[in-house]
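**Q** Please build the complex by placing chain B on the supplied structure of chain A, with the hints as guidance.
Protein chains: 2
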Amino acid sequence: MNPKRCAACKYLRRRCPKDCIFSPYFPPSDPDKFACIHRIYGAGNVSKMLQQLPVQSRAEAVESLSFEAKCRVEDPVYGCVGMISLLQTQIQKTQTLLAKTQAEIAVAQAKHSQTQVNEFM
Amino acid sequence: MNPKRCAACKYLRRRCPKDCIFSPYFPPSDPDKFACIHRIYGAGNVSKMLQQLPVQSRAEAVESLSFEAKCRVEDPVYGCVGMISLLQTQIQKTQTLLAKTQAEIAVAQAKHSQTQVNEFM
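Protein sequence lines, in the order shown, are assigned to chains A and B.
Sequential numbering of the first sequence, starting at 1, is according to the UniProt record's numbering.
Sequential numbering of the second sequence, starting at 1, is according to the UniProt record's numbering.
Simulated from the structure, these hints should not be mistaken for lab results.
Be aware that one or more of the hints could be misleading.
Copies of the same chain look alike in the list, so a pair counts if it fits in one copy or across any two.
As the list claims (entries may be wrong) - In silico DMTMM-like cross-links for lysine to aspartate or glutamate, where the CA-CA straight-line distance does not exceed 25 angstroms: (1) 70 to 60; (2) 111 to 63; (3) 93 to 104; (4) 10 to 32; (5) 4 to 119; (6) 4 to 104; (7) 70 to 119; (8) 48 to 104; (9) 48 to 63; (10) 18 to 104; (11) 48 to 32.
Extracted from the complex, chain A is given alone in its bound form (with noise of 0.2 angstroms):
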């Protein structure tokens, strides 16, 4: 057995080859990246995913596919839409309190503009 050999290989329980498609982003120092990855894809979605990109957006593709099987790993309803929904949720509270906030400023300019107009009368 190759001690080089990629976490994926390691866990699929494979000879690692040179052109391995796992290999540039599965490094055997974090075993749980691919077993969470392949919990949820399956290795063979996942090569097949990867085969279809130019070699330059894998790395990338590789991140947004393992954040997205944790979060499916941590709430298996969910997944990261829960995140989605939430952030959703939280643009709408910070929009309802700008809103608020502009509307207040409204409020002082006026004010502001009548204690000016008493101050010439």
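**A** Chain B in isolation, oriented as in the chain A frame:
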């Protein structure tokens, strides 16, 4: 062939059993929903994920998995994680605007107070 097979069994070219795990969530009227989820996760993984969930959570799990699969088909590099990044950027922008507006209100209130002080002098 049973013409009432669910979209999953039709796609997988198999008989749709009475207790089909896919059937409640993949009506034959929406074949793309299963095709998309199958392309990203594979039927076996989806079936396994659903089996591990209580029946009352499965519909929502299918919706979130479908959403993620659709995002991944549309954006094979970032999937719905791209959406999370966009939403986080939007929150940061809104929060910056909110802080700016809150600073403006403080300035306007200070001006208003100063005008009132001047009136009494």
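**Q** Decide, hint by hint, whether the structure agrees.
**A** Evaluation of the provided hints:
1. 70 to 60: both (15 angstroms within a copy, 18 angstroms between copies)
2. 111 to 63: Result: close neither inside a copy nor across copies, 53 angstroms intra and 51 angstroms inter.
3. 93 to 104: Cα proximity of residue 93 and residue 104: in one copy and across copies (17 angstroms, 20 angstroms).
4. 10 to 32: within (11 angstroms within a copy, 35 angstroms between copies)
5. 4 to 119: neither (82 angstroms within a copy, 81 angstroms between copies)
6. 4 to 104: neither (63 angstroms within a copy, 59 angstroms between copies)
7. 70 to 119: neither (64 angstroms within a copy, 63 angstroms between copies)
8. 48 to 104: Neither, since 55 angstroms and 54 angstroms both go past 25 angstroms.
9. 48 to 63: Both. Shortest intra-copy (16 angstroms) and inter-copy (24 angstroms) distances satisfy the 25 angstroms Cα cut-off.
10. 18 to 104: neither (65 angstroms within a copy, 61 angstroms between copies)
11. 48 to 32: both (20 angstroms within a copy, 20 angstroms between copies)
Of the hints listed earlier, those the structure fails to meet are numbers 2, 5, 6, 7, 8 and 10, in rising order.
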